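Let's have the full structure, built from the sequences with the hints guiding it.
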Amino acid sequence: MVADRRAEFEASLIRTAETRGQEAGAALQRASLLRDAVHRFSRNRAAATAAFAFLVLIGFVFITPMVVSASPYDINFENAYLSPSWAHPFGTDEFGRDLFVRTALGGRVSVEIGFAATIAIMFVGIVYGAISGFAGGWLDNALMRFLDALYGLPYLPFAIITLAIFGTPSFWPMVVALTVASWFTTARVMRGQIITLKENDYVRAAHALGARWYRVLFRHLLPNTLGVIIVFVFLELPGVVLGEAFLSFLGLGISPPKASWGTLAQDGYSSYQSHPYIIIVPSLAIAWLILSAFFIADGLRDALDPRTRSY
Amino acid sequence: MLKFIVRRVVWTVPVILLVILMTFVMMRQIKGNPFQVTERAVPPSIQRNLDRKYHLDKPWYIQYAYYVKGVATFDLGPSLVQRNQTVNDVIKEHFPVSLKLGLFAMIWAVLLGIPLGVFSALKQNSIFDYAAMGFVNSGYALPNFLISTLLIYFFAVKWRGVTGFPTNGFEGWHAWILPALALGHAPMTVFARIVRGSMLETLQQDYIRTAKAKGLRWRRVVGVHVLRNSMIPAVTAAAPLLGFLIAGSFIVEFIFGIPGIGRYFVNSITGRDYSVTMGITVMLSVIIIVANLVVDVLYGYLDPRTRDARA
Chain A
22 MVADRRAEFE
32 ASLIRTAETR
42 GQEAGAALQR
52 ASLLRDAVHR
62 FSRNRAAATA
72 AFAFLVLIGF
82 VFITPMVVSA
92 SPYDINFENA
102 YLSPSWAHPF
112 GTDEFGRDLF
122 VRTALGGRVS
132 VEIGFAATIA
142 IMFVGIVYGA
152 ISGFAGGWLD
162 NALMRFLDAL
172 YGLPYLPFAI
182 ITLAIFGTPS
192 FWPMVVALTV
202 ASWFTTARVM
212 RGQIITLKEN
222 DYVRAAHALG
232 ARWYRVLFRH
242 LLPNTLGVII
252 VFVFLELPGV
262 VLGEAFLSFL
272 GLGISPPKAS
282 WGTLAQDGYS
292 SYQSHPYIII
302 VPSLAIAWLI
312 LSAFFIADGL
322 RDALDPRTRS
332 Y
Chain B
2 MLKFIVRRVV
12 WTVPVILLVI
22 LMTFVMMRQI
32 KGNPFQVTER
42 AVPPSIQRNL
52 DRKYHLDKPW
62 YIQYAYYVKG
72 VATFDLGPSL
82 VQRNQTVNDV
92 IKEHFPVSLK
102 LGLFAMIWAV
112 LLGIPLGVFS
122 ALKQNSIFDY
132 AAMGFVNSGY
142 ALPNFLISTL
152 LIYFFAVKWR
162 GVTGFPTNGF
172 EGWHAWILPA
182 LALGHAPMTV
192 FARIVRGSML
202 ETLQQDYIRT
212 AKAKGLRWRR
222 VVGVHVLRNS
232 MIPAVTAAAP
242 LLGFLIAGSF
252 IVEFIFGIPG
262 IGRYFVNSIT
272 GRDYSVTMGI
282 TVMLSVIIIV
292 ANLVVDVLYG
302 YLDPRTRDAR
312 A
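Protein chains in written order, with this note's numbering: chain A, 22 to 332; chain B, 2 to 312.
Taking CB as the label site, the calculated pair distances span: (1) A:186 to B:219: 56 to 64 Å; (2) B:85 to A:73: 57 to 65 Å; (3) A:189 to B:101: 29 to 37 Å; (4) B:206 to A:222: 25 to 33 Å; (5) A:186 to B:54: 18 to 26 Å; (6) A:222 to B:59: 56 to 64 Å; (7) B:104 to A:76: 36 to 44 Å; (8) B:75 to A:63: 52 to 60 Å; (9) A:193 to B:2: 46 to 54 Å; (10) A:213 to B:57: 42 to 50 Å.
In silico negatives: residues of chain A with every beta carbon more than 12 Å from chain B: (11) 64; (12) 80; (13) 85; (14) 148.
So the derived list for chain A, only partly shown, Cβ under 8 Å to chain B, looks like this: (15) 172; (16) 286; (17) 312.
Hint data in this document are derived by calculation from the structure and do not stem from the laboratory.
Every value quoted in this text rests on a predicted model; they were computed, and no experiment measured them.
Glycine residues also receive a C-beta, built at the ideal position from the N, C-alpha and C atoms.
Take a look at the structure:
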């Protein structure tokens with residue numbers, strides 16, 4: 022009787038200690054880690070500038086079509102091939118359409134495809150990598166060997182074939198094609214993260230205290246990969262946007278009169294000898310996005326994990 | 002070492018089989034009838050005969066087996082659209098052109114990228130470093146099609162009288178310069194970044210301090226100790242760069258009108274020449290897989306610690 026009650030008491034002690042320790046530790050760590058990270062990130066001048074540039078671009082892309090009155094689709098041949106001026110800051114194209122609005126609108130398509138595909142890539146990669154790393158053993162082996170094989174597939178041809186399966190290229194086929202062709206790296210990195218984290222003492226402690234696998238996975242392992250996931254969002258986004266631009270430039274992307282930065286660049290390419298600004302504007306927009314995302318990722322990596330310094 | 006190589010080589014066989022299977026399965030999902038050249042439907046009897054000729058009436062796994070057998074004997078089958086050509090003919094005609102272009106691009110990338118990285122690292126935080134890294138980062142972000150177009154615009158159109166570069170084609174050595182620059186640009190920036198990073202890391206190692214402390218001339222320290230140990234990451238970067246090159250070659254060949262494999266691939270997709278699409282994809286996959294193999298073996302040779310982990 023007495024022994025029973027003592028065991029019960031001890032168990033409850035351990036339980037409260039465990040939950041308290043976790044809550045306290047988690048709250049403390051979250052606040053300080055986040056605050057630290059934000060602090061370090063904003064102190065990093067390149068990263069802060071890049072974040073500002075990124076927000077400016079996103080703002081331009083989403084707000085301009087709402088504010089500016091010029092229609093992106095109105096054809097007016099009298100205005101064809103106007104050089105950049107106050108009325109048309111980026112000039113007009115062969116149909117007299119205002120390129121300022123079209124760049125914003127095309128950018129919206131590009132950025133939306135980029136974000137949708139990035140989210141899809143992260144989702145697939147995290148699920149695949151987490152399963153592989155957490156399960157271990159033969160399943161891990163099989164999944165990784167499969168991934169090895171997929172690494173042999175050339176990126177652009179693979180995306181093009183996926184697009185061809187859908188027939189007409191539009192928003193979602195594009196997202197699927199880009200996702201299918203580029204989720205491998207995320208999966209591999211996630212697996213590595215999970216495997217490293219699995220060795221930590223707190224994970225062993227959780228196991229020892231009788232935590233179920235899903236608790237270990239969702240409470241201890243996945244939250245700790247958040248930093249890497251955030252960094253990878255900004256590493257994948259530029260790749261996806263560039264991939265979309267490549268496909269659209271080759272004439273395999275969004276069909277006219279809709280536009281993305283890739284199709285705008287293609288339009289510009291057809292008249293580059295006489296009107297080079299038409300291809301320069303959307304290309305620079307892509308470069309702007311790639312560069313800012315790249316420096317944000319760099320800054321985030323330093324901010325979230327002070328041990329790795331970037332040179 | 003031999004065991005490692007053998008294991009690694011044997012392992013590529015199932016990987017190649019799997020990649021062929023993936024491509025095969027995906028190609029089967031594409032709708033459309035390659036035999037239907039005009040708007041008229043193909044008569045059923047002819048369709049049946051054609052199906053039988055190309056084994057299309059057999060179940061998919063028999064077709065797959067036929068295909069694998071074909072790949073093993075370097076016979077990728079007939080072109081479905083150009084009846085007098087086989088896929089082998091297409092590859093034989095167009096692949097050497099792409100290979101030459103890729104080789105030139107790679108030479109350019111190594112010749113400029115590695116010295117840029119080395120000198121930036123040796124003069125870290127100097128004006129040269131900032132200028133070089135600014136150039137490299139902006140170059141990394143600018144999409145291939147803009148670089149190609151600008152190269153043509155300036156060197157082949159505006160200053161044609163001075164340079165004498167043609168805008169497209171591949172006749173004579175000077176026609177290769179601009180496409181090689183355009184294609185080699187992205188790999189060049191990658192090399193520069195990686196070499197700079199690994200140089201900085203190596204420079205902080207204890208053995209470098211030791212070498213300095215024992216009075217070795219700085220030139221010798223750099224030449225013998227730093228350079229040699231910093232090149233390993235550059236070797237590993239070479240394999241993923243192949244994907245870069247392939248994707249880039251699609252764009253560059255398109256813009257410069259070079260009849261390489263990338264341009265033909267895009268044509269085959271739009272022209273529904275599935276056997277060509279598939280043949281090129283499989284060939285590119287095999288090249289990537291073999292390149293990964295070579296890099297792995299080379300890496301295992303350069304850095305023996307990785308042998309066990311990567312087997």
